[in-house]
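> Listed below are the residues making up each chain.
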Amino acid sequence: AQTVTQSQPEMSVQEAETVTLSCTYDTSENNYYLFWYKQPPSRQMILVIRQEAYKQQNATENRFSVNFQKAAKSFSLKISDSQLGDTAMYFCAFMKLAGNQFYFGTGTSLTVIP
Amino acid sequence: DSGVTQTPKHLITATGQRVTLRCSPRSGDLSVYWYQQSLDQGLQFLIQYYNGEERAKGNILERFSAQQFPDLHSELNLSSLELGDSALYFCASSVEYRVETQYFGPGTRLLVL
Numbered sequence: 083a084q085t086v087t088q089s090q091p092e093m094s095v096q097e098a099e100t101v102t103l104s105c106t107y108d109t110s111e112n113n114y115y116l117f118w119y120k121q122p123p124s125r126q127m128i129l130v131i132r133q134e135a136y137k138q139q140n141a142t143e144n145r146f147s148v149n150f151q152k153a154a155k156s157f158s159l160k161i162s163d164s165q166l167g168d169t170a171m172y173f174c175a176f177m178k179l180a181g182n183q184f185y186f187g188t189g190t191s192l193t194v195i196p
Numbered sequence: 511d512s513g514v515t516q517t518p519k520h521l522i523t524a525t526g527q528r529v530t531l532r533c534s535p536r537s538g539d540l541s542v543y544w545y546q547q548s549l550d551q552g553l554q555f556l557i558q559y560y561n562g563e564e565r566a567k568g569n570i571l572e573r574f575s576a577q578q579f580p581d582l583h584s585e586l587n588l589s590s591l592e593l594g595d596s597a598l599y600f601c602a603s604s605v606e607y608r609v610e611t612q613y614f615g616p617g618t619r620l621l622v623l
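Line by line, the protein sequences give chains C and D.
Our numbering puts the first residue of the first sequence at 83, with every later residue one more than the last.
Our numbering puts the first residue of the second sequence at 511, with every later residue one more than the last.
Among these hints, one or two may not hold up.
[Stated by the list, open to error] Below are the DSSO-like pairs computed for lysine-lysine, each with C-alpha atoms no more than 27 Å apart in a straight line:
id, chain 1, residue 1, chain 2, residue 2
1, D, 567, C, 155
2, D, 519, D, 567
3, C, 137, C, 152
4, C, 178, D, 567
5, C, 178, C, 155
6, C, 178, C, 137
[To be verified] Here's a subset of chain C near chain D, in silico, CB distances under 7 Å, partners left out:
id, residue
7, 125
8, 126
9, 127
10, 129
[As the list claims (entries may be wrong)] One side of the interface only, derived from the structure: several residues of chain C facing chain D at Cβ under 10 Å:
id, residue
11, 183
12, 185
13, 189
If you are wondering where the hints come from, they were derived from the structure by calculation, not from laboratory data.
Quick reminder that beta carbons are idealized off the backbone N, C-alpha and C, glycines included.
When you get a sec, could you build the whole thing from the sequences and use the hints?
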């Protein structure tokens, strides 16, 4: 079975600063996808960034980047130049390449302080 | 706006009742997924349909059922409701049935009293 662990229930960061959210996962699969989703107070789930396990290069999307360490089964999200609109719950998710089911972590609540 | 729509936004009902949640996927997406997000259990995958057929089942109770119609919209039916069914129910869609980014709708908040 696949498990996703987010060990930081809550985090805060000053506006314009950088913050890193941690995620680890456990799987016996070699090929899979990893995702970070953002859930603002509106509760809608918004895709932030996606990483294919077969790609060594870390994914980046504007101010968002990941540090993907396959051997360590670690997938952290770095948010640079934090903005007030980044305040949200962030979920790490795993999907097997041969499957179609997401496995989500329990989320990290991020607050950006003005 | 992800392009996925869900109705209703809020639903309040009583124990023992039955409700239907509706989801319209993004234009062109053939796959629909249903998730339940409760306070104590996080986000749980329920079921997936692809082009009208069931493709995957997760932690879906027997009291729950779903279907996808020829126009690709999907409905999640919840029956014999219990207090513990109170949650946020998300629908997501993707183009293919596997290995594809899923786009989530705004969710339906269900409160069972």
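> Now tell me if each hint is right for this structure.
How the hints compare with the structure:
1. D:567 with C:155: 26 Å, holds
2. D:519 with D:567: Measuring from Cα to Cα gives roughly 24 Å; hence the hint holds.
3. C:137 with C:152: Holds, at about 10 Å.
4. C:178 with D:567: Judged against 27 Å, a Cα distance of about 15 Å means the pair holds.
5. C:178 with C:155: It holds: about 14 Å lies between the C-alpha atoms, which stays within 27 Å.
6. C:178 with C:137: 15 Å, holds
7. 125: With a closest approach of 5 Å, the residue 125 of chain C hint holds.
8. 126: This hint holds: residue 126 of chain C lies near chain D, its Cβ roughly 5 Å from the closest one there, short of 7 Å.
9. 127: 3 Å, holds
10. 129: 6 Å, holds
11. 183: 5 Å, holds
12. 185: 8 Å, holds
13. 189: 7 Å, holds
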